[in-house]
Each structure stands twice: as structure tokens, then as C-alpha cells.
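Student: Each chain, letter by letter, is given below.
There are 2 protein chains.
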Amino acid sequence: MTNVSAALTSLDTNLDAALARLFELLKIKSVSTDPAFKDDCAKAAQWLSDDLNGIGFKASVRPTAGHPMVVAHAKAARENAPHVLFYGHYDVQPVDPLNLWETDPFNPRIVEVNGAKQVVARGSSDDKGQLMTFVEACRAMMANGGLPCHVTILFEGEEECGSSSLPKFLRDNAEELKADIALVCDTNMWDAKTPAITAMLRGLVFEEVVVKAATRDLHSGLFGGAAANPIRVLSRALGKLHDDDGRVTLAGFYDGVAELPADIAAQWKALPFDGAAFLGGVGLSVPAGEKGRSVLEQIWARPTCEMNGIVGGYTGEGAKTVLPAQASAKVSFRLVSQQDPAKVVASFRAHMQANIPADCKVEFVSHGASPAITLPFESPLLTKARGALEAQWGEETVIVGSGGSIPIIGELKRELGLDSLMIGFALENDKIHSPNEKYEVTSFAGGMKSWVRVLEALAA
Amino acid sequence: MTNVSAALTSLDTNLDAALARLFELLKIKSVSTDPAFKDDCAKAAQWLSDDLNGIGFKASVRPTAGHPMVVAHAKAARENAPHVLFYGHYDVQPVDPLNLWETDPFNPRIVEVNGAKQVVARGSSDDKGQLMTFVEACRAMMANGGLPCHVTILFEGEEECGSSSLPKFLRDNAEELKADIALVCDTNMWDAKTPAITAMLRGLVFEEVVVKAATRDLHSGLFGGAAANPIRVLSRALGKLHDDDGRVTLAGFYDGVAELPADIAAQWKALPFDGAAFLGGVGLSVPAGEKGRSVLEQIWARPTCEMNGIVGGYTGEGAKTVLPAQASAKVSFRLVSQQDPAKVVASFRAHMQANIPADCKVEFVSHGASPAITLPFESPLLTKARGALEAQWGEETVIVGSGGSIPIIGELKRELGLDSLMIGFALENDKIHSPNEKYEVTSFAGGMKSWVRVLEALAA
Numbered sequence: 001m002t003n004v005s006a007a008l009t010s011l012d013t014n015l016d017a018a019l020a021r022l023f024e025l026l027k028i029k030s031v032s033t034d035p036a037f038k039d040d041c042a043k044a045a046q047w048l049s050d051d052l053n054g055i056g057f058k059a060s061v062r063p064t065a066g067h068p069m070v071v072a073h074a075k076a077a078r079e080n081a082p083h084v085l086f087y088g089h090y091d092v093q094p095v096d097p098l099n100l101w102e103t104d105p106f107n108p109r110i111v112e113v114n115g116a117k118q119v120v121a122r123g124s125s126d127d128k129g130q131l132m133t134f135v136e137a138c139r140a141m142m143a144n145g146g147l148p149c150h151v152t153i154l155f156e157g158e159e160e161c162g163s164s165s166l167p168k169f170l171r172d173n174a175e176e177l178k179a180d181i182a183l184v185c186d187t188n189m190w191d192a193k194t195p196a197i198t199a200m201l202r203g204l205v206f207e208e209v210v211v212k213a214a215t216r217d218l219h220s221g222l223f224g225g226a227a228a229n230p231i232r233v234l235s236r237a238l239g240k241l242h243d244d245d246g247r248v249t250l251a252g253f254y255d256g257v258a259e260l261p262a263d264i265a266a267q268w269k270a271l272p273f274d275g276a277a278f279l280g281g282v283g284l285s286v287p288a289g290e291k292g293r294s295v296l297e298q299i300w301a302r303p304t305c306e307m308n309g310i311v312g313g314y315t316g317e318g319a320k321t322v323l324p325a326q327a328s329a330k331v332s333f334r335l336v337s338q339q340d341p342a343k344v345v346a347s348f349r350a351h352m353q354a355n356i357p358a359d360c361k362v363e364f365v366s367h368g369a370s371p372a373i374t375l376p377f378e379s380p381l382l383t384k385a386r387g388a389l390e391a392q393w394g395e396e397t398v399i400v401g402s403g404g405s406i407p408i409i410g411e412l413k414r415e416l417g418l419d420s421l422m423i424g425f426a427l428e429n430d431k432i433h434s435p436n437e438k439y440e441v442t443s444f445a446g447g448m449k450s451w452v453r454v455l456e457a458l459a460a
Numbered sequence: 461m462t463n464v465s466a467a468l469t470s471l472d473t474n475l476d477a478a479l480a481r482l483f484e485l486l487k488i489k490s491v492s493t494d495p496a497f498k499d500d501c502a503k504a505a506q507w508l509s510d511d512l513n514g515i516g517f518k519a520s521v522r523p524t525a526g527h528p529m530v531v532a533h534a535k536a537a538r539e540n541a542p543h544v545l546f547y548g549h550y551d552v553q554p555v556d557p558l559n560l561w562e563t564d565p566f567n568p569r570i571v572e573v574n575g576a577k578q579v580v581a582r583g584s585s586d587d588k589g590q591l592m593t594f595v596e597a598c599r600a601m602m603a604n605g606g607l608p609c610h611v612t613i614l615f616e617g618e619e620e621c622g623s624s625s626l627p628k629f630l631r632d633n634a635e636e637l638k639a640d641i642a643l644v645c646d647t648n649m650w651d652a653k654t655p656a657i658t659a660m661l662r663g664l665v666f667e668e669v670v671v672k673a674a675t676r677d678l679h680s681g682l683f684g685g686a687a688a689n690p691i692r693v694l695s696r697a698l699g700k701l702h703d704d705d706g707r708v709t710l711a712g713f714y715d716g717v718a719e720l721p722a723d724i725a726a727q728w729k730a731l732p733f734d735g736a737a738f739l740g741g742v743g744l745s746v747p748a749g750e751k752g753r754s755v756l757e758q759i760w761a762r763p764t765c766e767m768n769g770i771v772g773g774y775t776g777e778g779a780k781t782v783l784p785a786q787a788s789a790k791v792s793f794r795l796v797s798q799q800d801p802a803k804v805v806a807s808f809r810a811h812m813q814a815n816i817p818a819d820c821k822v823e824f825v826s827h828g829a830s831p832a833i834t835l836p837f838e839s840p841l842l843t844k845a846r847g848a849l850e851a852q853w854g855e856e857t858v859i860v861g862s863g864g865s866i867p868i869i870g871e872l873k874r875e876l877g878l879d880s881l882m883i884g885f886a887l888e889n890d891k892i893h894s895p896n897e898k899y900e901v902t903s904f905a906g907g908m909k910s911w912v913r914v915l916e917a918l919a920a
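For the protein sequence lines, the chains are A and B, in the order given. Mind the numbering: the first sequence is residues 1 to 460 in the working numbering, read in order. Mind the numbering: the second sequence is residues 461 to 920 in the working numbering, read in order.
Hint data in this document are derived by calculation from the structure and do not stem from the laboratory. Check before you lean on any hint, since a few could be wrong.
[To be verified] Okay, derived cross-link-like pairs now, DSSO-like style, lysine-lysine, Cα gap no bigger than 27 Å in a straight line: (1) B:Lys-780 - A:Lys-361; (2) A:Lys-361 - A:Lys-431; (3) B:Lys-672 - A:Lys-240; (4) B:Lys-672 - A:Lys-291; (5) B:Lys-489 - B:Lys-891.
Since the model is a prediction, treat every value here as computed from it, not as a measurement.
Sequences are here, hints too, so could you generate the full structure?
Tutor: This is the structure:
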């Protein structure tokens, strides 16, 4: 049985050794998008496989059409323990512009800022530092009574360049990778002291609509008034997609949209989140979404309809009296809860059709339709993880949403049927993808211990 | 006193000589847009000046910054006769693509098509053939008792390349060019047998509107729902510019829009104009303007609001989840009757302002604002000219509108305060600006005689 307190103590005691191991990994230039670093990617995979084998996992490097995967398995001390699949990625972003780095991005160092120690290196936060929190937690537990859960680890080497090998790898190895839940560490804390679990990711429907009228561009003097104008038709139809309260008018659009559970709603209300500052940072001030919803709700928990592009007619300098033959727009929908992407697509297309005059044509191109992912709020695993993080950090765990998507979460759901607990210890200001990327030592040390408590809680 | 019947007879008798003079003018390669033909333009001006001096005008070639003008004056036999200013242009379009011409565009010839003789050459219709109808009419009258009206002739050499010297020339010579009415021959007959006077030209207001929101493009996942989207704001505001009946919703937009006089309305209703064929020619079928208005009304007599261009966000292939920082549109209004361009601009801008959320900005660029030009339907001069044309052609004169503008008409109004009678004898199928341009000999012969009758009628 896992000796939790011994494991936690050993993590504190051996922090420098853990940092030394992280530094070894950070020194490997595993930039996945640049073929020049192909061997470095393979080296990082091998390093991880070796390290995991060294602490008792059965690990191997698994080739793909791109950079290799690392897969590792370890059994819990107790046979009927739950089984978790931990996902992380060992590849990193390119370092350009190199001249903005204060020191070599692949020569990690500890700097102290306002008394807080930070690991500065490319990948320190995204995602080598984060994934090593889990590896170190496993190391400590395996040295102190064993793991409380069966653990499968999957490290990918193509996250920063599109994860093109991942879906097939998941499909081909579904049996080997099966688990009760996935743990994904590619996310942030609420702030440096407050842990967070990302439980909601909005889905995305992306449609392109083309309105066609005359067979050629027309002169607006000769034909203006009598000939259908695709820009007019398109803008009128798009203009009806929202009502005066910012709600989307499509039939059935809000079907499946769940209200937040009372405790989450209360937590969000109490969060020190400054909506005005969030919008003010980009020069705005008035929340543009549904009236009566907070900014956090609007970006995390409410569905949207947005036009991402529009074009038609003459767009150069000055004037041209043309009635164009066509106009088009890109329209996307962020989905939440149980909204059905196919129904949203159908409702949008029906709306456009209904708003097109008889002699115009409308054509659609789909650029994707994926549902929202929401961890069931009542899930016992979520409740256990929340408690474990609170025990570690001494602060209530914030359940957050993400307005955008995290592709791996969708793949894990689609290919393996797995829900994901998104628990990460990065901070908003870690400068991931930017020069001078850093990871707080508090994130690293607290993260390691968090995983000990989370795995123990999940097994309870 | 003019001997009208002698003049008409002499025009019939001397048709071949008149055609021979037209051929001389057509042989001069007065392509105004190409500097290689600068001397040819000067030569055409000189030829016209010489010809006019030869028949009794006081004519001269007048230099400008571009190609020269020709100005000629001749007095009526009767001192208190009305004074007309006749406008035409001696310059022609380039002849490209030359390989599509069946014969040399500057070697005019007569061809017979289905028994109808045509003059084929560049400029035969636009505008040398047309302007020579007036010169020949004057020649015949001056040889037969004199002119019934005082006549000033203005021939321009830059109509096909933007008339850049014209406004200043009109301004600088306003006193010399003053008259009671202008006669402009750059228009068509209704058909080969039916004369027409163009009495209505729509005005044009052309606005560009830019909606700005955030200080930079935003990620639609992170900000979507909370951040104002300029495309959404713009399309919504543009979508409100028309009501369900196709009427423009701007406050005061229809102020000054006159209904057609009953006789013109009745004439248009009776015209063999096939609105379905007009729209069918460009792949359309349903008139898009105000409900209850015919296609002719929609394009000639009713004001419009059209979007000529729109652009914002991502318009390339595929999807990009962006909320753009700005979106813009070009919006134009065709004006009729007494609509005030300044009021339309103000009303449009007020509409856009009223539909922009508090934290968006809207900016406007004006690309022009000019009023409609309508010859007063009750004008005795119009009535006289209608009658004169009917007497010549044996068919009721059609009073037509033009959906677009004819710049010279605006300049004559603006600079000289002159209304214009737009009377021309070209046909829709004259292939002006195209290879194998032609002018029907019936247009030429009937046009000459029409002018005799029109001048006589105006003086009555």
C-alpha cells in the first residue's frame, strides 16, 4: 500500500534531484516542427522511456509515421485499483526569436524573481516540467509502497506540430491504452496558490457559406435595385443570427445547453476575475455575449455564434460601383454541454436557406463539427481530485472552463471513450511558446505532491 | 428663317456626302487614352473646327492640359431665339483586341446586315457618328435659311479617359458657354424605330464604413462570446438597411423622391420591356428592389442602397478561429429626384452609429456624393423635343431613365447650371467600346433630321 506521507516527504527531500532530472530532459532540443531536430525528439522519447523503466514501469519507445510515442505501464499494489491514463508531450515549440532569450533556451537555469524560484528553458512549462511532475510522483510512490492506481503513461512528440500521428496510434492501441479516466496536465492553475481543474471545453462547428446571385458581377447603376445583391442578402441573414439580447436565434440552438451547477456558479461568482480588465486588455469594455451572463460564463459556459471572416465585391481602395456575383462568410459556433454539432449545422443551414431570395443560391462548406467536452460535474472522480488538490494547496479547487478546444481531449474521448481530468500547474504568465519560458518551482514541487494525493484519492 | 422642309430634303439628298465627311473623321485615330495618338486627337479637333468654320460657325481649337476642346458659335437668324449648347466628344476608345475586328477599325466601311446599312469603324457610334448628326443638321439649316436657335458647340477629346480637363474648362469659360439648355447626344434610342430622351440620371452617394473593436485580432475560443465582433456588428447594421419589402429603412431616405408623372408611368407600363429577360440575362429572376415596383422603376426611378464590397477577418482557404479587430464595407446609394446627398450621408452614418455597441468605433470615408439629375417633366423644352422626335420617327418618344450617371451631365449642371436634353440615336447593339463598333445608317440619317426638327421645335 502506498505510504503517502513518506512519498510526499521524499519529494520534498529530493527536489534538487528531481530538478536535475528535469534539466536533463530540458537540454534535449526536441523541437518537433523542425526536421533538423528529429534525432533530438527521438532522444527525448528514449530518455523518458529509460527513466520510466528505471523506476519500475514497463516502458517502450513506439515508432509512428512522425515522432515516436512513449508508452509505459505500471500496476498498482492493489489489483482492483482504478486505472488512469496519463498524457503529456515531450516535444517543444521552436525558440525563435532567439535574440529575445536572456540565456540559451536549452541550457536550463534557476532564476529567482521576487523570492520565487523559476526554471527558465524552452519546454520548462509546456510540457516537460508539467509531465515530470507526474513522473516524479510515480517515482516517489513506487519507492514508498507502490502506486495506488494502475498507471499507463502516454507521451507524445507531435503536440506542437498538429498531433498528426495521435488518432491512429490511439485507435491502433486502444486495447493497450484503455483506462478508467485520462489525466492531462497541459493546463494552468487558477493562480500561483490556487489549483484548478479544467472541466469544460467548448466544442466547435465551423461553417463557410457562399451566397451566389447573378452569373457575373454587375454594374450597380444599370442593375442596382433590380438585381439581387449577395452582400446584402448575406449580411441580412447573418444579422439575424443574434437577437437584441445577444442570444443566438437559430431554432433549437440552446437545446442541450446546461446551466452551471449551483456550486460552480457560486464559485465563479466569487472568483477574483475582473471581466472589465480582461476586455480592457484588448481595448474593449462591454461584454458582447448574452445579456445577464458574466464574462466568465460567456467565454467558458455559453455557446456562441461568431463570424470569423466575410468577403464580397470590391475591397480595394476607393469606390467601384459593382454588384458582386457572390459573397461568402465563415461562421463558427462554440458549443457547450450536450449541444449536438450536427443539429447546429442543420439549423444554421436552414436559417441561411430561409433567408435567401428564391433566385439566389447558397452553398456550404463544413470546416469541422465537434461537440463540447464536459466532465460530469457529479463525477466522483472529479470530486476526489478536487479534494486532493485542496489538501495539497490549502485553497478551494477552481473548476474552470476553456473557451477553445484542446485537441487531445477530443481524441481521447473519440478514440478511447475516455473522460479527462485536466489538471495542470502552469501559470498564465509562464510565457509558453515565447522567449524566456519559465515554470515556477512551486508549480513543479506542488505539482508532484498533488499527483500523489490525486492518485491516492482516485483509488480511495 | 429656317426652311425646315428644305433642310430635311437636303439631308436626304446629300446623305452620301455626309457619310463621306463622317468617314474622314472616323479615319483619324483619336484614341485619347494612349499618348501615341496625341497628334491624332489634335488632328480630329482641327478637322472639326475647320468643318464648322466652313459652314459658318466661328470655331476654334482650344488647348487644355490634355487633349484640346473645340468650341464653335453660330447665331440664329432671329436674335431672341433660345440658345443651345451641344456637347459631343471626338475621342474614341482603343481598338484592342484588334484581331477581333473584321476590318481595319480606322478604315470605315458600309456593311449591309439584313437589309440595314451600318457604318463600321471605331467611333462610328461613340461618339463621332452621333456628334456629326448635329453638325450635319446645322449644315443643312445654315444653307437653308439659317439656324432656329443660337448654337454653341463643345467637343471634348477626353471623354474616354476621364474628362479630366473638362470641369476646369467649363468653369474658365462659363460665360462663353452659357446657354438655355444643353443637348447631349451620347445616348441610345429605345429601339431602331423608337426615339428616346433620357430625362433621369440617378445620383450616387458612395460611403465606406469601418467598424473597429479590439485593438488586435482575437482568438475566438478565448474571447468568443465576450468580445465584440466587428463582422457581427457590421453585418447586423447593414442587415437593417432594408425592410422586408425591399425599402431602405434610413430615416428620411425617401424625402424628395418623386413619383413618376402619370403619363411617364403609363408609357413605361406599356413599353415592351421584359423585366424577366433583363434579369434572366444575368441568371436572376426575382426583382430585388421595392415590392410593387417594376424592374424599370427599380433601375431608373427608385433610389437604392447597395453594398458594393465587404471584408473582414479570415478570407482564405479553410478555417481560422479569429475575431478580427475590424471589418469594413462599401455602401452606395443611387439617388433620384430631389434626394439630398448630404442628408443621405448623414442618415446612413447616424444609422451605423446607432447600431454600433458602445465600445466599438465606426469610421467613415466618403467616396463621393452627387444628386440625381432629373429634367423637369413639365419642362416645355422637353415637351417640344418629344414632339419633334415623334414627328421624325412616327413613334411616341420614350422618356427613359438611366440607373447610372453620365458625368458630363453633372458637370454641365454643376459648372454651368444647365439642364441637359439627352437625345441620341445609338442602339443597344452598336458594340461601343468593342470590336466591330457600328452605327446604323438609319440612326445617322434619322438623327440628322431629328436635330433639325428639335432645334426648330425648341425655337417655336
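Student: Against the 27 Å threshold, does the CA-CA distance of Lys-489 (chain B) and Lys-891 (chain B) hold or violate the hint?
Tutor: Answer holds: Lys-489 (chain B) to Lys-891 (chain B) is near 18 Å, not above 27 Å.
Student: CA of Lys-672 (chain B) to CA of Lys-291 (chain A), is that 27 Å or under?
Tutor: 21 Å, holds
Student: Lys-780 (chain B) and Lys-361 (chain A) were given as a pair; does the straight-line alpha-carbon distance stay at or below 27 Å?
Tutor: It holds: about 24 Å lies between the C-alpha atoms, which stays within 27 Å.
Student: Between the alpha carbons of Lys-672 (chain B) and Lys-240 (chain A), is the straight-line distance 27 Å or under?
Tutor: 20 Å, holds
Student: Run the distance test for Lys-361 (chain A) versus Lys-431 (chain A): straight-line Cα separation, threshold 27 Å.
Tutor: Answer violated: Lys-361 (chain A) to Lys-431 (chain A) is near 47 Å, above 27 Å.
When the structure is compared with the earlier hints, a violation turns up for hint 2 alone.
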